[in-house]
Amino acid sequence: NAGVMQNPRHLVRRRGQEARLRCSPMKGHSHVYWYRQLPEEGLKFMVYLQKENIIDESGMPKERFSAEFPKEGPSILRIQQVVRGDSAAYFCASLPLRTGYTGELFFGEGSRLTVL
Amino acid sequence: GQQVMQIPQYQHVQEGEDFTTYCNSSTTLSNIQWYKQRPGGHPVFLIQLVKSGEVKKQKRLTFQFGEAKKNSSLHITATQTTDVGTYFCAGDDRGSTLGRLYFGRGTQLTVWP
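Chains as they are written, first to last, in this note's numbering: chain H, 1 to 116; chain Z, 1001 to 1113.
To be clear, the hints were calculated from the coordinates, so they are not data collected in a lab.
Hints are not guaranteed to be accurate.
[Claimed, not checked] In the DSS-like style, the derived pairs of lysine-lysine whose C-alpha atoms are separated by at most 27 Å in a straight line are: (1) Z:1056 x Z:1036; (2) H:27 x H:44; (3) Z:1070 x Z:1056; (4) H:71 x H:51; (5) Z:1070 x Z:1051; (6) Z:1036 x Z:1057; (7) Z:1036 x H:27; (8) H:44 x Z:1070; (9) H:44 x Z:1051; (10) H:71 x H:44; (11) H:44 x Z:1036; (12) Z:1036 x Z:1051.
With the hints as extra help, turn the sequences into a complete structure.
If you want it as structure tokens, here you go:
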């Protein structure tokens, strides 16, 4: 959904560098999710955050990956010391917290990371 | 862990032919969602099925949820070139976090004019 803003849309990094991906949820949405999509694959859940709180990070790799959603500003997915296997599309999704909401995700346009 | 399998991985059809993609979960699902992703694009929500045996239609698209709530299908009648894209099913296990979906690998549909 165009309301979820992600940047950068494309990012190229060399092995060992850091990648920072940003996501601003739709207005009125307080929950942010990060999903990763490897080439020719489905999306895999990484982490679920609310403002200043990580709710579920069970899909995050144990090392080099971290995520935050500060009180002010966008959510950030940070990948340290990138390797070629990190090359993927990273999608952010948000959803509202309202009665009757049934769980469909609103995805941003994604950040496509290429590691050289 | 929960797995959602989807077949076929690729489907090439002539415009006007029908198309079906199938989704099967290793566990009973609370609900199942379908998304479409155009080449180079992002997943866009199509529909959600909640009830056992549910069937929903959106114009030429028919979605079904199995009686056991472990499988689902999407059928497109008389495909058009605008149907090109990858169709994903995504299962929601209410035992897990809200919004945590288990996606199938997707079926990439190509439509020849």
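Review point. Is the Cα-Cα distance between residue 44 of chain H and residue 1036 of chain Z 27 Å or less?
Key: holds (16 Å)
Review point. Does the structure keep residue 1070 of chain Z and residue 1056 of chain Z at a Cα separation of 27 Å or less?
Key: holds (17 Å)
**Study point:** Pairwise hint evaluation, residue 51 of chain H against residue 71 of chain H, where the allowed Cα distance is 27 Å at most
**Key:** holds (5 Å)
Check your understanding: Taken at face value, is the distance from the CA of residue 1036 of chain Z to the CA of residue 1056 of chain Z at most 27 Å?
Key -> Holds. Residue 1056 of chain Z to residue 1036 of chain Z sits at ~16 Å (cutoff 27 Å).
Review point. Are the Cα atoms of residue 44 of chain H and residue 1051 of chain Z separated by 27 Å or less?
Key: holds (25 Å)
Review point. Straight-line Cα separation of residue 1036 of chain Z and residue 27 of chain H no greater than 27 Å?
Key: This hinted pair holds, its Cα atoms lying about 23 Å apart.
Practice item. For the pair supplied as a hint, residue 44 of chain H and residue 1070 of chain Z, confirm whether the alpha-carbon distance does not exceed 27 Å. Key: The given pair, whose Cα atoms are some 19 Å apart, holds under the 27 Å limit.
Review point. Has the given pair, residue 1070 of chain Z with residue 1051 of chain Z, been kept, meaning a C-alpha gap of at most 27 Å?
Key: Holds - the C-alpha atoms of residue 1051 of chain Z and residue 1070 of chain Z are around 11 Å apart, at most 27 Å.
**Study point:** Proposed proximity, residue 1051 of chain Z with residue 1036 of chain Z (alpha carbon, max 27 Å)
**Key:** It holds: about 21 Å lies between the C-alpha atoms, which stays within 27 Å.
Review point. Keeping to a limit of 27 Å between CA atoms, is the pair of residue 27 of chain H and residue 44 of chain H held or broken?
Key: holds (24 Å)
Review point. Hey, residue 71 of chain H versus residue 44 of chain H, does the alpha-carbon distance stay inside 27 Å?
Key: holds (26 Å)
Check your understanding: Is the Cα-Cα distance between residue 1036 of chain Z and residue 1057 of chain Z 27 Å or less?
Key -> holds (15 Å)
No hint from the list above goes unmet by this structure.
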